[in-house]
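The whole structure should be built from the sequences, with the hints applied where relevant.
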Amino acid sequence: MKLRLDALGQRYGDQSVLHDISLTVPEGQLLCVVGPSGCGKSTLLRTVAGLQPAYEGSVTFDGTPVTGVPDQLAVVFQDYGRSLYPWLTVRDNVALPLRRRGLPRAERRAEAERILERVGLDGAGRRHPWQLSGGMQQRVAIARALVCRPALLLMDEPFGSLDAQTREDLEDLLLEVHRTDGATIVFVTHDIDESVYVGDRVVVLSPGPASGVVLDLPVELPGRREQIGTRGLPEFVALRTEVGRAVRGS
Amino acid sequence: MKGAAAPVRNAARGPAAAGRAGGHVLLRLVVLVVAVALWQVAARAHASVYFPPPGQIAGRAHELWFSGPVGRLFLTDAAVADILPSLGRMAAGFGIAAVTGIALGLAVGRSRWAYALCNPVLQFARAVPPPALVPVFVVVFALGTPMQVASIAFSAVWPVLINTAEGARGTDPLRLDVAAVLRLNPVERLWFLLLPSALPRIFAGLRLSLSLSLILMVFSELLPGTADGIGFTLTDAQSRSDLLTVWAALLLLGVLGYVLNTALLAVERRLVGRGRTTA
Chain A
-8 MKLRLDALGQ
2 RYGDQSVLHD
12 ISLTVPEGQL
22 LCVVGPSGCG
32 KSTLLRTVAG
42 LQPAYEGSVT
52 FDGTPVTGVP
62 DQLAVVFQDY
72 GRSLYPWLTV
82 RDNVALPLRR
92 RGLPRAERRA
102 EAERILERVG
112 LDGAGRRHPW
122 QLSGGMQQRV
132 AIARALVCRP
142 ALLLMDEPFG
152 SLDAQTREDL
162 EDLLLEVHRT
172 DGATIVFVTH
182 DIDESVYVGD
192 RVVVLSPGPA
202 SGVVLDLPVE
212 LPGRREQIGT
222 RGLPEFVALR
232 TEVGRAVRGS
Chain V
15 MKGAAAPVRN
25 AARGPAAAGR
35 AGGHVLLRLV
45 VLVVAVALWQ
55 VAARAHASVY
65 FPPPGQIAGR
75 AHELWFSGPV
85 GRLFLTDAAV
95 ADILPSLGRM
105 AAGFGIAAVT
115 GIALGLAVGR
125 SRWAYALCNP
135 VLQFARAVPP
145 PALVPVFVVV
155 FALGTPMQVA
165 SIAFSAVWPV
175 LINTAEGARG
185 TDPLRLDVAA
195 VLRLNPVERL
205 WFLLLPSALP
215 RIFAGLRLSL
225 SLSLILMVFS
235 ELLPGTADGI
245 GFTLTDAQSR
255 SDLLTVWAAL
265 LLLGVLGYVL
275 NTALLAVERR
285 LVGRGRTTA
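Taken in order, these protein sequences are the chains called A and V. Using the working numbering, read the first sequence as starting at -8 and increasing by one per residue. Using the working numbering, read the second sequence as starting at 15 and increasing by one per residue.
Don't read these hints as lab results, they were simulated from the structure. Quick caveat: nothing in here was measured; it's all calculated off a predicted structure. All C-beta atoms, glycine included, are put in the ideal place defined by N, C-alpha and C. Possibly wrong hints are sitting among the right ones.
What the hints assert, rightly or not - Calculated from the model, a selection of chain A residues having no Cβ within reach of chain V, i.e. all distances over 12 Å:
no.: 1; residue: Tyr3
no.: 2; residue: Gly72
no.: 3; residue: Ala136
no.: 4; residue: Glu167
no.: 5; residue: Ile219
Unchecked claim - Computed from the model, here is a short list of chain A residues facing chain V with C-beta under 7 Å:
no.: 6; residue: Leu42
no.: 7; residue: Val60
no.: 8; residue: Val66
no.: 9; residue: Arg73
no.: 10; residue: Ser74
no.: 11; residue: Trp78
no.: 12; residue: Leu87
no.: 13; residue: Pro88
no.: 14; residue: Arg91
To be verified - Each pair of labels, with its calculated beta carbon distance range:
no.: 15; chain 1: A; residue 1: Arg215; chain 2: V; residue 2: Leu188; range: 55 to 65 Å
no.: 16; chain 1: V; residue 1: Phe138; chain 2: A; residue 2: Ala(-2); range: 49 to 59 Å
no.: 17; chain 1: V; residue 1: Val286; chain 2: A; residue 2: Arg117; range: 16 to 26 Å
no.: 18; chain 1: V; residue 1: Pro214; chain 2: A; residue 2: Gly48; range: 38 to 48 Å
no.: 19; chain 1: V; residue 1: Leu101; chain 2: A; residue 2: Leu42; range: 44 to 54 Å
no.: 20; chain 1: A; residue 1: Ser49; chain 2: V; residue 2: Ala194; range: 42 to 52 Å
no.: 21; chain 1: A; residue 1: Ala45; chain 2: V; residue 2: Asn133; range: 22 to 32 Å
no.: 22; chain 1: A; residue 1: Asp62; chain 2: V; residue 2: Trp205; range: 19 to 29 Å
no.: 23; chain 1: A; residue 1: Glu226; chain 2: V; residue 2: Leu188; range: 33 to 43 Å
no.: 24; chain 1: V; residue 1: Pro214; chain 2: A; residue 2: Ser49; range: 21 to 31 Å
no.: 25; chain 1: A; residue 1: Gly19; chain 2: V; residue 2: Leu188; range: 48 to 58 Å
no.: 26; chain 1: V; residue 1: Leu285; chain 2: A; residue 2: Glu211; range: 30 to 40 Å
no.: 27; chain 1: A; residue 1: Ser152; chain 2: V; residue 2: Leu264; range: 10 to 20 Å
Put into structure tokens, the structure is as follows:
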């Protein structure tokens, strides 16, 4: 699904948060959006998700303007502890989006278990989110996002509050999901290395207020990405340096 | 859910903590037993007709209400005639208050302007001492059960309503975003998000309402025109200067209040569960 932003602007009162952002994300691309904190990355994501429908300019999916939460969209938020519903089991959390499809309960549960297995959580379905570690909870949130096979997946600093090892595991999980499902993904992060490692393309926003795009960089790295090797490649280092300069504004 | 969680927690707590909890229960019992024993000794020493010893009071309560046949759970005819009507009215009043309070509370709490408009009225309604309203209900309804149920319901509804509204208002905005992104319909949103996240506050309201219901139950039965119920037993015994039965009725009310509150707490623990620190 192709995502297109045209002269997108977003404001809170008379404070401009995003200004004149134009981007086209082709189908199947994994776009990373990087920027210093407070630059409106989350606002950008919320606007695309249809959670803040009063925007300037235009946002379209395959040509259809976004006026509310679009169909075939899924979001993974940073704060997994709050985004999962603690009163539901892991399996019921994951099965929740399937209600809309009108599947019988048994099929919803089976489907949820299938997705849980895929994100490495087989056997955890009957537990509650708060009984799991942070990394496992974020896996649950990813499973909940994937269960409806979204054409567009938005991720708002999804690994920002996880430890380094867990974060790397989840980055690889994301790459694997992207390779097999081929969904269009917009991945917001403040971590420069992460953006270059997971992205097909990195877009850097200027510091707020009135953030705009200051760098739009395709990421071309040889071979399949893996944590140790890829991060040592000269191409990786060069890209990281370029993104880092753009973020720091020098 | 409880089954999976329990072993982990107990293992973490260890036998020392379990012993401490047991100690607390024992300590509470000791205080109760000592208090009753002192009362017994003091009452016997004074031998006043107005303050019979607790042993006699319990004996009277047993003889009046709990010496019936096994097949009827030991309840006597008097128990069926006195306690059941009271409990029935209380259940009806409390039930009406709970359902109305939760429904209206969710509606008021989810709408910012409804909350702003209704809040002063609610605070006012809550501030009026509930028994003071009973005379109004006596005029509006006929004396008897409808008036009594209405008094209980009208007094008990406010704490549930106000607490539910607060609970619904405090729903985590991120969780509302999640509901929007998952495109939950209004019923699903209510059932999977608003109700469970307001549940701790709803129960806080229900506990207050339950004790108000008990108060209003007795109070409305003290009025003339009542023919049965624990409150009626109380006034009836008083008019016959049967102080022992008055005390027995008081004891019964205390036990009822305790049992009902414990039952509500058990329901709360079952429904609200653990891991709800953010709610």
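>> Let me make sure I understand: some of the numbered hints might not hold for this structure. Which ones are they, in numerical order?
In response: 2, 3, 15, 20, 24, 25, 26, 27
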